[in-house]
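Trainee: Quick note, the sequences are listed as chains A and B, same order. Its first residue numbered 1, the first sequence is counted upward by one per residue in this note's numbering. Its first residue numbered 296, the second sequence is counted upward by one per residue in this note's numbering.
Calculated directly from the structure, the hints in this document are not laboratory data. A couple of the hints might just be wrong.
Taking lysine to any residue pairs in the SDA-like style, the calculated list, with each CA pair at most 25 Å apart, reads [stated by the list, open to error]: (1) B/Lys578 with A/Phe243; (2) A/Lys237 with B/Thr321; (3) B/Lys335 with A/Asp215; (4) B/Lys330 with A/Asn11; (5) A/Lys13 with B/Arg574.
Residues on chain A that point at chain B, a partial pick, calculated with CB under 8 Å [unchecked claim]: (6) Leu14; (7) Asp16; (8) Phe50; (9) Arg52; (10) Asp53; (11) Leu174; (12) Ile177; (13) Asp179; (14) Gln181; (15) Gln183; (16) Asp184; (17) Arg188; (18) Tyr189; (19) Phe213; (20) Glu241.
These stretches of chain B come out as covered by chain A in the derived footprint (C-beta under 8 Å, 3 or more residues) [said to hold, decoys possible]: (21) 305-316; (22) 321-329; (23) 565-578.
Small disclaimer: the values here were computed from a predicted structure and weren't measured. Every residue gets a Cβ at the ideal spot worked out from N, C-alpha and C, and that includes glycine.
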Amino acid sequence: MAIRIAIAQINPKLGDLAANLNLYEEHVARAARAGAELLLFPELSLTGYFLRDTVPSVALSADSAEMKRLKDLSRALPFVAGLVEESADHRFFNAAIYFENGEARYTHRKVYLPTYGMFDEQRYFARGNRIRTFESKFGRLALLICEDLWHPSTIHVAALDGALAVLCPSASPLRGIVDGQKQDDNARYWEMINRAYAETYSLFMIYGNRCGFEDGVGFWGGSEIVDPFGERIAKAKYYDEDFLVGEIALESVRRKRTISPLLRDEDIDLTINELTRIRERPAPKPAPRVKAKKS
Amino acid sequence: MAESAQPQAAAIQIPTNPPLLREILTGFVRNEVHKTGLSKAVIGLSGGVDSALSAALTAEALGAKNVLAICMPYKSSNPDSLAHAQMAARKFGVESLVVEITPQIDAYFERFSDADQRRRGNKMARERMTVLYDHSARWNGLVIGTSNKTELLLGYGTLHGDMASAINPLGDLYKTQVWALAEAMGVPEVIVAKEPSADLWVGQTDESELGFTYREVDRLLYMMVDQRCTKPELMALGFPESFIDRVVLQIMTSQFKRRLPVIAKVSQRTIDRDFRYSRDWGK
Numbered sequence: 001m002a003i004r005i006a007i008a009q010i011n012p013k014l015g016d017l018a019a020n021l022n023l024y025e026e027h028v029a030r031a032a033r034a035g036a037e038l039l040l041f042p043e044l045s046l047t048g049y050f051l052r053d054t055v056p057s058v059a060l061s062a063d064s065a066e067m068k069r070l071k072d073l074s075r076a077l078p079f080v081a082g083l084v085e086e087s088a089d090h091r092f093f094n095a096a097i098y099f100e101n102g103e104a105r106y107t108h109r110k111v112y113l114p115t116y117g118m119f120d121e122q123r124y125f126a127r128g129n130r131i132r133t134f135e136s137k138f139g140r141l142a143l144l145i146c147e148d149l150w151h152p153s154t155i156h157v158a159a160l161d162g163a164l165a166v167l168c169p170s171a172s173p174l175r176g177i178v179d180g181q182k183q184d185d186n187a188r189y190w191e192m193i194n195r196a197y198a199e200t201y202s203l204f205m206i207y208g209n210r211c212g213f214e215d216g217v218g219f220w221g222g223s224e225i226v227d228p229f230g231e232r233i234a235k236a237k238y239y240d241e242d243f244l245v246g247e248i249a250l251e252s253v254r255r256k257r258t259i260s261p262l263l264r265d266e267d268i269d270l271t272i273n274e275l276t277r278i279r280e281r282p283a284p285k286p287a288p289r290v291k292a293k294k295s
Numbered sequence: 296m297a298e299s300a301q302p303q304a305a306a307i308q309i310p311t312n313p314p315l316l317r318e319i320l321t322g323f324v325r326n327e328v329h330k331t332g333l334s335k336a337v338i339g340l341s342g343g344v345d346s347a348l349s350a351a352l353t354a355e356a357l358g359a360k361n362v363l364a365i366c367m368p369y370k371s372s373n374p375d376s377l378a379h380a381q382m383a384a385r386k387f388g389v390e391s392l393v394v395e396i397t398p399q400i401d402a403y404f405e406r407f408s409d410a411d412q413r414r415r416g417n418k419m420a421r422e423r424m425t426v427l428y429d430h431s432a433r434w435n436g437l438v439i440g441t442s443n444k445t446e447l448l449l450g451y452g453t454l455h456g457d458m459a460s461a462i463n464p465l466g467d468l469y470k471t472q473v474w475a476l477a478e479a480m481g482v483p484e485v486i487v488a489k490e491p492s493a494d495l496w497v498g499q500t501d502e503s504e505l506g507f508t509y510r511e512v513d514r515l516l517y518m519m520v521d522q523r524c525t526k527p528e529l530m531a532l533g534f535p536e537s538f539i540d541r542v543v544l545q546i547m548t549s550q551f552k553r554r555l556p557v558i559a560k561v562s563q564r565t566i567d568r569d570f571r572y573s574r575d576w577g578k
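Generate the whole structure from the sequences, applying the supplied hints.
Mentor: Okay, structure coming up:
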């Protein structure tokens, strides 16, 4: 069964929920017209990325009017939204929500919040603490947000938890100029890991990045779909808006796993035992006390 | 000039990749100008390579007809500067306007005739800034910056003068990269090849004033700032210790030029300390 996937590589307005909701609506309609069955929006694309102190004012609680509008939109087709989620106890999460048939079916709260260099996420967001796959009308999927994937443990867990495809909403800034390289160095790195993960874990990588600039920081676009053999099925423009459509055949996960049954052979107990040992390693001994010299 | 660096340091290549920089920087100008609701830009053209490159990028991003170049000579400016500025404007098809700043500068210093070269130079740079911002309002265009990363790090510019702009496509490019991109974008060779000068007084050149060449200091800055090499690592690469110390000091002492004025905190929420919003807020 082939699934037609669309990725909206958009340039949202920073901190303007109403404008971005309209943008979402347009792209859901466009995806429906294109015959897509599933639509991926980039990380925080309902709000913009460098939100800083606007985080609380664009956060959506489960009962908000905006959340209802998103649920209603998903009657046209299932989609993944990137937004700020406010929990009942008023923590704010960088979240991706899978909407299907009028419901918010699954929420992933970003686990790894980059807080170094140009990034400041832990200052503004609470950290998610679980990685789970979820059932969709297409089969088992996983949601991992941008930096999450820079930690291979996240996709390791997702793959072992049964994901056939990983949907990755991203807001990845361009950076690093290298001679003889057509795109920036961050684009190179992402393309390398998307391909390596797809092939290593025998699953589809569906990567949706945004474009545009915020305070001089550009996002490199280049959204893509990579199949379990590491082949790129669809690729969006770099550094510009685009609307990407590609078909994935989930059967090819079976075919790849038949040819190389790496996941079958994965020894979870071995990993758990070793991780437990590493976690419980004794604390380093305190430095020996220097005896005071008698004067 | 600084003691010349050892061969290893001299062999450091700063990546330039002009086609990629061109794509990114024209995208930057287009995006950041359009999101303010404007479609036009104003640039002060000095006749040097930085402003010529800035104009080239802006013309490509917004369309040449949406760019107004302003040349602002003083009576002692090198006549080549104006000629080169107009040459660049013609080359990139942008309208240029000459606004002499001699009358207002001379009127001012008639009253403060003891002013030295530095005060006079800074006053001229700031006068030019006010002309640009006035034409920004007249022409409805954003002021595009022309300061490169080398100048910004060394503090080699006039605060509220040539350092002032709304957006700056060159601020993350070393001079070495400016030259490469300018050449690739067709900035006239005479402008790319000439010795850099702020032309604030007769015979002034950047490199004699700084005491080292841009290519030398760019290699050091690139390894120190971008690649985060420690001082022992830089010395192992062959950069003389005295050169490193001098450049570090210059970066530290000019830090104030790269920040907003310091605000005394008295409230719970102070601008830029715990009142934090992106500049593109709502855009």
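Trainee: For every hint, state whether the structure bears it out.
Mentor: Verification of the hints:
| no. | hint | verdict |
| --- | --- | --- |
| 1 | B/Lys578 with A/Phe243 | holds, 22 Å |
| 2 | A/Lys237 with B/Thr321 | holds, 16 Å |
| 3 | B/Lys335 with A/Asp215 | holds, 18 Å |
| 4 | B/Lys330 with A/Asn11 | holds, 11 Å |
| 5 | A/Lys13 with B/Arg574 | holds, 12 Å |
| 6 | Leu14 | holds, 5 Å |
| 7 | Asp16 | holds, 6 Å |
| 8 | Phe50 | holds, 4 Å |
| 9 | Arg52 | holds, 4 Å |
| 10 | Asp53 | holds, 5 Å |
| 11 | Leu174 | holds, 6 Å |
| 12 | Ile177 | holds, 5 Å |
| 13 | Asp179 | holds, 5 Å |
| 14 | Gln181 | holds, 7 Å |
| 15 | Gln183 | holds, 7 Å |
| 16 | Asp184 | holds, 7 Å |
| 17 | Arg188 | violated, 11 Å |
| 18 | Tyr189 | violated, 15 Å |
| 19 | Phe213 | holds, 4 Å |
| 20 | Glu241 | violated, 11 Å |
| 21 | 305-316 | holds (count 7) |
| 22 | 321-329 | holds (count 4) |
| 23 | 565-578 | holds (count 9) |
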